[in-house]
Amino acid sequence: LAKTTQPISMDSYEGQEVNITCSHNNIATNDYITWYQQFPSQGPRFIIQGYKTKVTNEVASLFIPADRKSSTLSLPRVSLSDTAVYYCLVGAYEGGSEKLVFGKGMKLTVNP
Amino acid sequence: DTAVSQTPKYLVTQMGNDKSIKCEQNLGHDTMYWYKQDSKKFLKIMFSYNNKELIINETVPNRFSPKSPDKAHLNLHINSLELGDSAVYFCASSQDRWGSSYNSPLHFGNGTRLTVT
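Respectively, the protein sequence lines represent chains A and B.
Okay, so the first sequence: first residue is 1 according to the working numbering, each after it adds one.
Okay, so the second sequence: first residue is 1001 according to the working numbering, each after it adds one.
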């Protein structure tokens, strides 16, 4: 059963690049790594997904080392609206049943 | 257009009552989920249905019963509500079963805040 570990919180300033890490030491061969963003009173929203190396989309980049035991979400130039909780999710498929394990999430606060 | 919609948004009720939360998705997805987010903000999966078949049933009291009349709908019925049931309940959907294929992320609704008094 894959589990994830993230820092509890992080503070940043507008315009900075923010890198958020996630540890997933027990990741399985078939698991993908997905990141979500959650604002207060809303459901989590998909940001980016990857399997290995680097993935980039219009909002973020995801860096995954060769051993896949960790991943880093990079937000290029944050704004106040990026203040949210960020979740790292690793899918796990075990013996016919599937477990969806969210980490505790990391609260990012972007200051002016 | 709302992709995953839940009703009601807020639900305040007394202990011992029975209540239902409804969820609908218009994304054409095959799999739907119920998650519970407690006061500590942990997101825990409760149930998952794939094409109306129950595929995930976590350790949840049997007072909670999901029902999927078709693959676009997944409702949650809760009997004999308790104080500890107070939380935000999120419905979600994905194209395939999570973890079975790439590009099948979860799409969440905006939650139902349940308060049991």
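Simulated from the structure, these hints should not be mistaken for lab results.
Beta carbons are placed, not taken as given, at the ideal position from N, Cα and C, and that holds for glycine.
There may be inaccurate statements among the hints.
Simulated DEER-style distance windows between Cβ atoms [as the list claims (entries may be wrong)]:
(1) Lys1040(B) - Thr109(A): 31 to 41 Å
(2) Lys1044(B) - Phe46(A): 13 to 23 Å
(3) Arg1113(B) - Lys3(A): 34 to 44 Å
(4) Pro1069(B) - Asn111(A): 45 to 55 Å
(5) Lys52(A) - Asn1026(B): 28 to 38 Å
(6) Asn19(A) - Lys1040(B): 17 to 27 Å
With a straight-line Cα cutoff of 25 Å, these simulated DMTMM-like cross-link-like pairs (lysine to aspartate or glutamate) come out [stated by the list, open to error]:
(7) Lys54(A) - Glu1058(B)
(8) Lys104(A) - Glu1053(B)
(9) Lys107(A) - Asp1038(B)
(10) Lys1036(B) - Asp31(A)
(11) Lys1036(B) - Glu58(A)
(12) Lys3(A) - Asp1038(B)
(13) Lys1041(B) - Asp31(A)
(14) Lys3(A) - Asp1096(B)
(15) Lys52(A) - Glu1058(B)
(16) Lys1071(B) - Glu1082(B)
State the violated hints by number, sorted upward, taking the hints as numbered earlier in the document.
-> Violated hints: 1, 3, 7, 8, 11, 15, 16; rest satisfied.
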